[in-house]
Amino acid sequence: GENVEQHPSTLSVQEGDSAVIKCTYSDSASNYFPWYKQELGKGPQLIIDIRSNVGEKKDQRIAVTLNKTAKHFSLHITETQPEDSAVYFCAASTLYNNNDMRFGAGTRLTVKP
Amino acid sequence: DTGVSQNPRHKITKRGQNVTFRCDPISEHNRLYWYRQTLGQGPEFLTYFQNEAQLEKSRLLSDRFSAERPKGSFSTLEIQRTEQGDSAMYLCASSLSGGAAGELFFGEGSRLTVL
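First to last, the sequence lines map onto chains Z and X.
Using the working numbering, read the first sequence as starting at 951 and increasing by one per residue.
Using the working numbering, read the second sequence as starting at 4 and increasing by one per residue.
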């Protein structure tokens, strides 16, 4: 089955700096890669996703890159703000089967004002 | 629509007792998932339903765990003879099926503490 590794487990940045979180996956059949943000006491919320037919996707301050050959993908947050502080999870699955979605262990991002 | 709703939000029980969690998915979503999340870890897949049919169970779902979705709407997750190792956040998510899989919408979870 799919195995997703995520690094780093904790990340602290100064407000305005960029943050990068990296994930690797094992199953070459995986072709859908979402990123979820989880705030304290809440469930995970999708912030961006990418499908394997593209190498990069941007949404305002957030971007995700995918390298299918190396089986890794990354989340980039620019101009970080204190409200970006949360736990971020990457995940991988096959596009037509969310039931095989597997999550990384999470990265706790702290943005210091 | 207020999203995925889970009840209760918190449950404290003694070892050996049975507990039941309820999940009300987004109304038009026909897929429903249960995940377990322990401290410092990502969600781990437990089981999922398409309409009322339970189509997959993880090996994490021991015979003390049972899930139902009787009418293809809300779902319940029951844990019998709870153990301290069952302490975790139980997350429910829902999604649409048909065509490309899309976003999983998560509820806020039911936190279980087994004393």
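Everything labelled a hint here was simulated from the structure, so no lab data went into it.
Some clues are possibly wrong.
As the list claims (entries may be wrong) - Listed next, the stretches of chain X that the computed footprint assigns to chain Z, with coverage defined by at least 3 CB atoms under 8 Å from CB atoms of chain Z:
1) 29-35
2) 109-117
Unchecked claim - DEER-style ranges, computed between Cβ atoms:
3) X/44 with Z/1029: 23 to 31 Å
4) X/73 with Z/1017: 27 to 35 Å
5) X/73 with Z/968: 46 to 54 Å
6) Z/1019 with X/17: 50 to 58 Å
7) X/44 with Z/999: 19 to 27 Å
8) X/75 with Z/991: 26 to 34 Å
9) Z/991 with X/83: 45 to 53 Å
10) X/16 with Z/1006: 21 to 29 Å
11) Z/955 with X/73: 32 to 40 Å
12) Z/1022 with X/43: 41 to 49 Å
13) Z/966 with X/16: 44 to 52 Å
14) X/73 with Z/1029: 47 to 55 Å
15) Z/968 with X/66: 19 to 27 Å
Unchecked claim - If the Cβ cut is set under 7 Å, some of the chain Z residues that face chain X in the computed set are:
16) 958
17) 992
18) 996
19) 1013
20) 1054
21) 1055
22) 1056
Computed from a predicted model, the values in this text were never measured in an experiment.
Ideal Cβ placement from N, Cα and C applies to all residues, glycine included.
Taking the hints in turn, this is what the structure says about them:
| no. | hint | result |
| --- | --- | --- |
| 1 | 29-35 | violated (count 1) |
| 2 | 109-117 | holds (count 4) |
| 3 | X/44 with Z/1029: 23 to 31 Å | holds, 29 Å |
| 4 | X/73 with Z/1017: 27 to 35 Å | violated, 44 Å |
| 5 | X/73 with Z/968: 46 to 54 Å | holds, 49 Å |
| 6 | Z/1019 with X/17: 50 to 58 Å | holds, 52 Å |
| 7 | X/44 with Z/999: 19 to 27 Å | holds, 21 Å |
| 8 | X/75 with Z/991: 26 to 34 Å | holds, 29 Å |
| 9 | Z/991 with X/83: 45 to 53 Å | violated, 27 Å |
| 10 | X/16 with Z/1006: 21 to 29 Å | violated, 47 Å |
| 11 | Z/955 with X/73: 32 to 40 Å | holds, 38 Å |
| 12 | Z/1022 with X/43: 41 to 49 Å | violated, 22 Å |
| 13 | Z/966 with X/16: 44 to 52 Å | holds, 46 Å |
| 14 | X/73 with Z/1029: 47 to 55 Å | holds, 48 Å |
| 15 | Z/968 with X/66: 19 to 27 Å | violated, 48 Å |
| 16 | 958 | violated, 13 Å |
| 17 | 992 | holds, 5 Å |
| 18 | 996 | holds, 5 Å |
| 19 | 1013 | violated, 18 Å |
| 20 | 1054 | holds, 5 Å |
| 21 | 1055 | holds, 5 Å |
| 22 | 1056 | holds, 5 Å |
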